[in-house]
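In the order they appear, the protein sequences are chains H and L.
Oh and the first sequence: position 31 is 31 in our numbering, straight run, nothing missing.
Oh and the second sequence: position 57 is 57 in our numbering, straight run, nothing missing.
Misleading hints may appear alongside valid ones.
It does not matter which identical chain is meant; a pair holds if it fits inside one copy or across any two.
Using 20 Å as the maximum straight-line C-alpha spacing, the simulated SDA-like pairs for lysine to any residue come out as follows [to be verified]:
{"hint": "1", "residue 1": "K27", "residue 2": "L346"}
{"hint": "2", "residue 1": "K389", "residue 2": "V400"}
{"hint": "3", "residue 1": "K27", "residue 2": "P38"}
{"hint": "4", "residue 1": "K27", "residue 2": "R152"}
{"hint": "5", "residue 1": "K27", "residue 2": "N256"}
{"hint": "6", "residue 1": "K27", "residue 2": "D291"}
{"hint": "7", "residue 1": "K27", "residue 2": "G340"}
{"hint": "8", "residue 1": "K389", "residue 2": "T172"}
{"hint": "9", "residue 1": "K27", "residue 2": "E259"}
{"hint": "10", "residue 1": "K27", "residue 2": "T289"}
{"hint": "11", "residue 1": "K27", "residue 2": "I375"}
{"hint": "12", "residue 1": "K363", "residue 2": "R22"}
{"hint": "13", "residue 1": "K389", "residue 2": "D194"}
{"hint": "14", "residue 1": "K27", "residue 2": "A94"}
{"hint": "15", "residue 1": "K27", "residue 2": "T405"}
{"hint": "16", "residue 1": "K363", "residue 2": "G390"}
{"hint": "17", "residue 1": "K389", "residue 2": "V429"}
{"hint": "18", "residue 1": "K27", "residue 2": "G83"}
These are computed hints drawn from the structure, not numbers from a lab.
Number of protein chains: 2
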Amino acid sequence: MAERAIRVGLLGLGTVGGGVARLLLEKRAELADRLGAPLELARAVDLRAEPAAELELPEGVYAPDPAAVIDDPDIDIVVELIGGLEPARSLVLAALEAGKAVATANKALLAHHGREIFAAARRRGVGVAFEASVGGGIPLIRSLREGLAANRVEQVLGILNGTCNYILTRMTAEGAAFAQVLAEAQAAGYAEADPSFDVDGVDTAHKLAIVAALVTGRQPEVDDIPVEGIRDIDSLDIQLAGEFGYKVKLLALLRNHGERVEARVHPALVPEGHVLSSVDGVFNALHLTGDWVGDVLLYGLGAGRRPTASAVVGDVLELARDLRHGAGGRVPPLGVARGGGGRLELMPLAEARCRYYCRFTAKDQPGVLAAISRILADHAISIQAVIQKGRREGADVPIVMLTHTAREAEMRGALEQIDRLPVISRPTVLLRRA
Amino acid sequence: MAERAIRVGLLGLGTVGGGVARLLLEKRAELADRLGAPLELARAVDLRAEPAAELELPEGVYAPDPAAVIDDPDIDIVVELIGGLEPARSLVLAALEAGKAVATANKALLAHHGREIFAAARRRGVGVAFEASVGGGIPLIRSLREGLAANRVEQVLGILNGTCNYILTRMTAEGAAFAQVLAEAQAAGYAEADPSFDVDGVDTAHKLAIVAALVTGRQPEVDDIPVEGIRDIDSLDIQLAGEFGYKVKLLALLRNHGERVEARVHPALVPEGHVLSSVDGVFNALHLTGDWVGDVLLYGLGAGRRPTASAVVGDVLELARDLRHGAGGRVPPLGVARGGGGRLELMPLAEARCRYYCRFTAKDQPGVLAAISRILADHAISIQAVIQKGRREGADVPIVMLTHTAREAEMRGALEQIDRLPVISRPTVLLRRA
């Protein structure tokens, strides 16, 4: 049978784009068998000609100008792998307006302009797929959007940045300092020369914005998501948390209370019995709790050329199936055909209720614990466990405390007072428990 | 907009069927928003009228005869939750022949009659979905069939039976004997009165047959899959494996060598560093390795009314989307539109290459290890580690040995000779390592 080929136009031949081109070419026969029609890499665009030459693209596939994809009526699916906000945004919107399906791995783009892009896709009735934007090769977007669609997702805990997880895993295993592990990670290629996008939690927040949209059908402003990174994590706290039976992980956290939704990014203590605590190294994972399915964990490599290309080509195959069956836009961008799509207002962090880990640094003298406890009690915060490490008369000692659930605003208020006590020598370290 | 409803006919109102009915009724509004059209529980069939009464189905929905679903041209999707081989097989085939899409959770049916059912679905161009047949609520069928479709899956390791995993987890935690834990699991409702389907590995083999079909596009005869259950697992071996850093799990294992495919079910030693080793209690998980995606783990509840209903309704929603867009049969049953579908021949177990754990029971006298080692060497089996537990002159002592990779036939041959040695007091315990 000589089915019409589905024609793919690729924008960007960097690490992931090159992988996608390679995969589409190498597995041409298998993908055609899966689809029931050829899936053709018709055009690949990059400003530079070198990547195309290295990839040994077939004659006529390479073009330097994105217009060669966007303006070509024979291109069915546009794969955006340029990254960043512009020109990616304009190109994606132009592709959708031209009635083309779009697959993208661009989390920054979707976090900042998702509402606009998803609205355009719905209006034009074309498909937009973005599995590779969160969790690399892990099929988590598809699971949230389709497989688990019967559920109200009540909680999400995600380890979504491989660089941070690698650094924290090594700090835990070796008792090493953040700066040292970061430097070694940079030398080994596991961290960027400018690591702030990763280690300050920005990348994780982008991904959480996308996950929050899939869970609620509405999308938050990415700048509304409270974010704390791992730069200030002291290996002493990793060690002390370990003594209480916790591992420290950078989490993307979402709690869906229905009317109100909490979403935030920060380091958190994960109990060692929790399956998420064994997600180590560069691996990513999404742990979610649905009202019918219960707990689900999806785990795999969250970045890298090959896992990310796997996710992109999975998307391309799905979009191609839809087109082949005349069902473009079959799955709405956020899995909801009616309603949804608006802005998700997040609960202010001050109103969140968490369980805390506090490390006070105090002079070793009688009455310290009484003074701290009194202030906590005044703020309605109750203590679950305390350990005081070492005893050195007159010197500074760490006092570690786990609290029961308390309001963030109360906790902050209490710490402000505690840190003004004369017996407290240094600002208190505050971490949340998952 | 007054879109035509997609009409669902449900066969079977047992544990899962009742859950599906409940879910479709409770979430009618949310599901309609997702689909963009009403998703209507039009008919629910069970021989007994009581379940329907308990569920308070709307007037006219209950029927005692499956013909009320199969023969009704207004039913779009048939959900088969009767279980067992007949009449489930005939009803599913009749539904497909009538051009209806089918969702089923029936792993026994698909393991035994998958080729026939999938061929019928392809011939009629209708959809068949079976997420709930393996791994309950975990979206693993969808991931294998679509999300990871760009990959050649090279290996699968699955913990796919919650009863077995619960029993092994408790045996590990408590050092308890199989029979005792089984009895308690039965009392607590975690194991059936007749547990053989679970503990002898039959259920896991059914699920592996389905996974193997998705991985290779061809389906094995379920009776060709070598199966060993957990009935003979001695808690002593769990303890000794622990000393070497392994946990004992009942695994569904598939290795895809391309031309040749290994698939089998047996207890296996999983290293404690492997993410699968922390899958405990009634949880299930599928760990797979793809040529592009690398390692992926999908984890969740593998059984139970609510997780299974979550998977079934996810399937129903997907089938409904396809129908609404005129794209019935969009995804071929095994994800392959051209070719595939035949019988998968499995590599005989004798030719498999494994790493082994052996526990010899020998008289504590000089020369025992030399005798064992000589026989292993004669069969080209090399030893990685040995421990001899305790020393009791003249008494029986366990000698535990880990081997490097060896052919199963050689290992069996060696054990036959070893167990005939006069110094060997009891048949040797043989377990494989994952």
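Status of G390 relative to K363 across identical chains (alpha carbons, at most 20 Å) | within (12 Å within a copy, 52 Å between copies)
Could you place K27 and P38 in one of the four classes (within, between, both, neither) given a Cα distance threshold of 20 Å?
-> Classified as within: same-chain Cα gap 11 Å, cross-chain 39 Å, threshold 20 Å.
Tell me, please, which holds for K389 and V429 at an alpha-carbon limit of 20 Å: within, between, both or neither?
-> within (15 Å within a copy, 48 Å between copies)
Are the CA atoms of K389 and D194 at most 20 Å apart within a copy, between copies, both, or neither?
-> Classified as neither; 36 Å inside a copy, 54 Å across copies.
Up to 20 Å between alpha-carbons, please classify K27 paired with E259: within, between, both or neither.
-> between (46 Å within a copy, 17 Å between copies)
At most 20 Å between C-alpha atoms: does K363 with R22 qualify within a copy, between copies, both, or neither?
-> neither (62 Å within a copy, 60 Å between copies)
From the Cα coordinates, with 20 Å as the cut-off, is the pair K27 and T405 best called within, between, both, or neither?
-> neither (52 Å within a copy, 32 Å between copies)
Given identical chains, is K27 near L346, meaning Cα to Cα at most 20 Å, within a copy, between copies, both, or neither?
-> neither (43 Å within a copy, 24 Å between copies)
Given a CA cutoff of 20 Å, do K27 and I375 count as a within-copy pair, a between-copy pair, both, or neither?
-> Answer is neither: 65 Å inside a copy and 46 Å across each miss the 20 Å cutoff.
First find the shortest C-alpha distance between K27 and N256 inside one copy, then the shortest across copies, and answer within, between, both or neither for a cut-off of 20 Å.
-> Cα proximity of K27 and N256: across copies only (17 Å, versus 41 Å in one copy).
Measure nothing new, just compare the shortest in-copy and cross-copy C-alpha distances for K389 and V400 to 20 Å and report within, between, both or neither.
-> within (8 Å within a copy, 42 Å between copies)
With identical chains treated as interchangeable, where does the CA-CA distance between K27 and G83 reach 20 Å or less: within a copy, between copies, both, or neither?
-> So K27 and G83 fail the 20 Å test inside a copy (25 Å) and across (38 Å) alike.
When each numbered hint is compared with the structure, violations occur for hints 1, 11, 12, 13, 14, 15, 18.
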